[in-house]
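Student: Given next are the chains, with one letter for each unit.
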Amino acid sequence: LAKTTQPISMDSYEGQEVNITCSHNNIATNDYITWYQQFPSQGPRFIIQGYKTKVTNEVASLFIPADRKSSTLSLPRVSLSDTAVYYCLVGGPYTDKLIFGTGTRLQVFP
Amino acid sequence: NAGVTQTPKFRVLKTGQSMTLLCAQDMNHEYMYWYRQDPGMGLRLIHYSVGEGTTAKGEVPDGYNVSRLKKQNFLLGLESAAPSQTSVYFCASRTVRLAGDETQYFGPGTRLLVL
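Going down the list, the protein sequences come from chains A and B.
Throughout the first sequence, residue numbering follows my numbering, covering 1 to 110 in sequence.
Throughout the second sequence, residue numbering follows my numbering, covering 1 to 115 in sequence.
Okay, chain B solo, but in the shape it has when bound (with noise of 0.2 Å):
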């Protein structure tokens, strides 16, 4: 049971280049998130799922999009990279329980660095 994995750890690229970043999850979760972190700040929601097929805007959702084509991955792409996204990207899933234990589960992080 590997939790939440995200594929690449690192990678850098060139202002204009696309990339994509994968969130796998091995939980059977319903929900899954992309969240961006800047170095000192706090986490900010970029989009998110809740079930395959479906995709939502989160609070800076702007030059990202996602799918969700199964349900135990939640893709990332990056159609032109910008300086500005150069973060740390986290990847959360979480099932959905009537009875509370919302708890959502977290990849170790992507960091992206865009020249």
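Extracted from the complex, chain A is given alone in its bound form (with noise of 0.2 Å):
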């Protein structure tokens, strides 16, 4: 299982641009790298997953280098409503456990 490695937490201010990088040095061949936000009192939801090269859609951004032993989820302008866990996770088709770590906790002020 590959495990993964996030900050405990990040501050920042509405309007500017968050990287949270995640670490997971033994990421296996077929495994993907999905994101998930989690707000107070409600279950994780999905942001965004990759497996190579830069993902994005209306929410994020997700940039894997060659090597996927890390990948970076770039919120663009943050708001207030962006203070959340966000939670890093790798699997793919042969991943039966899913394991979260310990996520990131991401304050933003106004």
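Bear in mind the hints are in silico, worked out from the structure with no lab data behind them.
Predicted model only: the values in this text are computed from it and were never measured.
In this text, a Cβ means the ideal position worked out from N, Cα and C, and glycines have one as well.
Please note that the accuracy of each hint is not assured.
[Unchecked claim] In silico DSBU-like pairs for lysine-lysine, Cα to Cα no more than 35 Å straight-line:
(1) A/K52 with B/K14
(2) B/K14 with A/K97
(3) B/K70 with A/K3
(4) B/K14 with A/K69
(5) B/K9 with A/K97
[To be verified] Beta-carbon label-pair distances, calculated as ranges:
(6) B/K70 with A/D96: 11 to 21 Å
(7) A/T5 with B/G51: 42 to 52 Å
(8) A/T83 with B/R111: 18 to 28 Å
(9) B/K70 with A/Q42: 24 to 34 Å
(10) B/F10 with A/N57: 51 to 61 Å
(11) A/T29 with B/Q17: 43 to 53 Å
[Said to hold, decoys possible] Chain B stretches covered by chain A per the calculated footprint, using a threshold of three residues with CB under 8 Å from any CB of chain A:
(12) 28 to 41
(13) 48 to 62
(14) 84 to 96
(15) 103 to 115
Using the hints, put the two chains back together into the complex; each one sits in its own frame.
Tutor: So this is what it looks like as structure tokens:
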């Protein structure tokens, strides 16, 4: 199982770009990298997923270097409503167990 | 399409009592998971299932049992509740596609307080 390591917490201000990096040194060939967002008292929800290079959707971008041993979630121009915990998860078609790491608690200030 | 639902939303138990948490999904997903989340902490995997009739242990299985008699339902049982099991319990499901898209879909959670 690929173990993930993220910063415990980050602070930002509204309008800034936030980059959260996840380390996953023993990622397997078939593994994808998925990021989830969790608000208090709610279940995690999917933000973005990627395998390599760059993926962008309406809420975030995901940058994955060629060696795939890390990934960076980029949130452009954050707002107060982006205050949440962000989890990086690594797994693929042959992954039964999906283990969450500690996550990164992002606090956005006005 | 309700996604993943959990029953009940909130429950208070006394030490030693038993209860069953129900998770249901209507997306025909093969995999289902039970996680617990203590205040201010991350999610820890309790048990999971890769298909109807199968179950397996996660990171913290002690004190819990599970059953998956129907593909759409995954039950989590506490035979003798302890205060240490006070937590929020989340259920999740996912399908398996060889081309990726291993996204988990989570339920709203069940808050359990054991006195």
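Student: If a hint holds in the structure, say so; if it does not, say that too.
Tutor: Structure-based check of each hint:
| no. | hint | result |
| --- | --- | --- |
| 1 | A/K52 with B/K14 | 49 Å, violated |
| 2 | B/K14 with A/K97 | 31 Å, holds |
| 3 | B/K70 with A/K3 | 31 Å, holds |
| 4 | B/K14 with A/K69 | 46 Å, violated |
| 5 | B/K9 with A/K97 | 25 Å, holds |
| 6 | B/K70 with A/D96: 11 to 21 Å | 20 Å, holds |
| 7 | A/T5 with B/G51: 42 to 52 Å | 31 Å, violated |
| 8 | A/T83 with B/R111: 18 to 28 Å | 21 Å, holds |
| 9 | B/K70 with A/Q42: 24 to 34 Å | 26 Å, holds |
| 10 | B/F10 with A/N57: 51 to 61 Å | 34 Å, violated |
| 11 | A/T29 with B/Q17: 43 to 53 Å | 47 Å, holds |
| 12 | 28 to 41 | holds (count 3) |
| 13 | 48 to 62 | holds (count 5) |
| 14 | 84 to 96 | holds (count 5) |
| 15 | 103 to 115 | holds (count 7) |
Violation of the numbered hints given earlier is confined to hints 1, 4, 7, 10; the remaining hints are satisfied by the structure.
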